[in-house]
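From first to last, the protein sequence lines stand for chains A and B.
Just so you know, the numbering used here puts 150 at position 146 of the first sequence, and the rest follows in order with no gaps.
Just so you know, the numbering used here puts 180 at position 63 of the second sequence, and the rest follows in order with no gaps.
I should point out that these hints are in silico values taken from the structure, not numbers from a laboratory.
One should not assume that every hint holds.
What the hints assert, rightly or not - The following label-pair restraints were derived from C-beta to C-beta distances:
hint, chain 1, residue 1, chain 2, residue 2, range
1, B, P334, A, H14, 16 to 24 angstroms
2, A, R132, B, A207, 33 to 41 angstroms
3, A, A135, B, L350, 35 to 43 angstroms
4, B, I215, A, I6, 53 to 61 angstroms
What the hints assert, rightly or not - Examples of chain B residues lying across from chain A (beta carbon under 7 angstroms, computed):
hint, residue
5, Y286
6, S290
7, F418
Computed from a predicted structure; not experimentally measured.
Ideal placement from N, C-alpha and C gives every residue a C-beta, glycine not left out.
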Amino acid sequence: MIALTDPLRHHHQHCDELFVATEAAAAEGDWPACQLLLTRFHGAIEDHFSSEETLLFPAFEAATGMAGGPTHMMRSEHAQMRGLLEQMQGALTAQAGDAFAGAAETLLVFMQQHNMKEENILYPMCDRSLAGQADGLDEQLRERLATA
Amino acid sequence: MPPNLSFEQAPPISAPYRFFLTAPWFGVAAGLLLAFMGGDLLASRWTPGALAGTHLLVAGFMLQSMCGALLQFVPVATGGNIWQPGRVAAWVHPLLIIAAILLVAAFLTQHPALFMAAASGFVLALGFYGVVVSIALWRTPTLGATLVALRIALIGLLVTLGLGVTLAYGLVSTTALPLLALTDVHAAWGLGGWSLLLLAGVAYFVVPMFQLTPAYPAWVARGLPWLLLALLLAWSLQLFGLPDGARAVVWFCGLGTAGLFGAVTLTLQARRRRKVRDTSLLFFRTAMACLVALPFSALLFVALPEIGADPRAAVWLGVLAIVGVFVSAINGMLYKIVPFLNWLHLQRLCPPNSLPPTMHQMIPERAMRRQFYVHLAALPLLLAAVWLPVLARPAGLLFALAAAWLGVNLAQAVGNYARFKNRIRAAA
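So that you can see chain A by itself, here it is in the shape it has in the complex (with noise of 0.2 angstroms):
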């Protein structure tokens, strides 16, 4: 049976591939290859952010009325997150290896535990709550995240 969250599963793995070619990039010193991949991780994770921000997550507070709780935290991790991808622009424009290396390994075991805690707690809390009542949610989270 396919859950409501399995294309936000899907796409957390989406993700770490362009995360995982960004950083191989750097590594390099390709500097070029690294801004175009960079460009696209970032995409897919600001893509990934505002599904959960503006679809899920609302769904899921009106269906529990748990405003305040996990998502909540998950708000505020994105908001980490996207501090740490700043970094790591700010570190390809100077073209410094090291600095961007460290923003990537902070971001990457960051985003690694922020998935884990959604995948295995929040997602299957949505999973149960949205059960038969999320109109048309499902599609709405396929089409965000369609990868192709």
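Dock chain B against the given chain A, drawing on the hints supplied.
The following block gives chain B in isolation, referenced to the frame of chain A:
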């Protein structure tokens, strides 16, 4: 009440750090003990020096770092809520230090009162710790292979404790207990139950996360904890009498299972999508290679009975497991955990729209890499010293150096935390 996905239920930074900062110095003590006592220490697993050195590593280095890491790991990985982790750490940490030192002194002096004092210390510390962590692990609403591994690991810790206390009692009383069998069962629950399953539970989580490898196959992730539990229960039957043949089968199945887990991890790491080869990864691969080497060593001892019958064969397996697998894995994990926790706690202090220095600025990569090379040199030297006693003193010194360098690197990371914290406060 659903779990709140914040870090607020994660402990204050002092809770894991007090354990992490202490752990390496038990390693230093173990290395210096070997350097002081020389090759005699490694002649058999039953010498007072070997027992003292072993427990400096397992009840000192390993137990300290694992207890600290679990306080941090349970809330993040399982959503489990640990009751007042700061207070738990403030009690358990000093008690464990005292108990470990008393136990080492007991082995070295064979003084009965020291064995009983050490046992009491461990009962108090681990009993309290076990209850608090059990409540978190059994109350969490989440599911998954990591949670199962951690639950069985904790059972392993408590069984190890119970058997250890029984052994201490057996050593000081006139009651006839099967001490040799009890020791083998105690060691198996400690290394194969508590330590290996905690390592596995953490690895299920961090190996894919840090290196972007494929996930562990479900049959490994779900099967390993139950298989190890079944093997440990079977191994424990020797307390009531177990034919030699059956004991040997359980022994090889246990080592084979451990080796298989190591091989699967190495295969996953070879397929990692992230190509960065950092020091933490090198430590972890060293640990997994040693895990794979365990069953092959045991097979070799069967194929070459004149070596296998030597008491030093067991010492070889002990060095491989304790230093090769667990000290390596813990050392590597600390190099990820500490920089990340520094960053995580500092970013909470930062004003909006600003971030602290990155993980790479917490411990210099060059210092971590050089410390790894010293550890990597100490490990084969220790293994060689099992058979060539003349190498024991240099091996002990080199291992002490590696452990001390880890301690210095971690202390430097904590110093950087304080420095960056002051800088953030001054700027705010």
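Tested hints:
| no. | hint | in the structure |
| --- | --- | --- |
| 1 | B:P334 to A:H14: 16 to 24 angstroms | holds (19 angstroms) |
| 2 | A:R132 to B:A207: 33 to 41 angstroms | holds (38 angstroms) |
| 3 | A:A135 to B:L350: 35 to 43 angstroms | holds (40 angstroms) |
| 4 | B:I215 to A:I6: 53 to 61 angstroms | holds (55 angstroms) |
| 5 | Y286 | violated (42 angstroms) |
| 6 | S290 | violated (48 angstroms) |
| 7 | F418 | violated (41 angstroms) |
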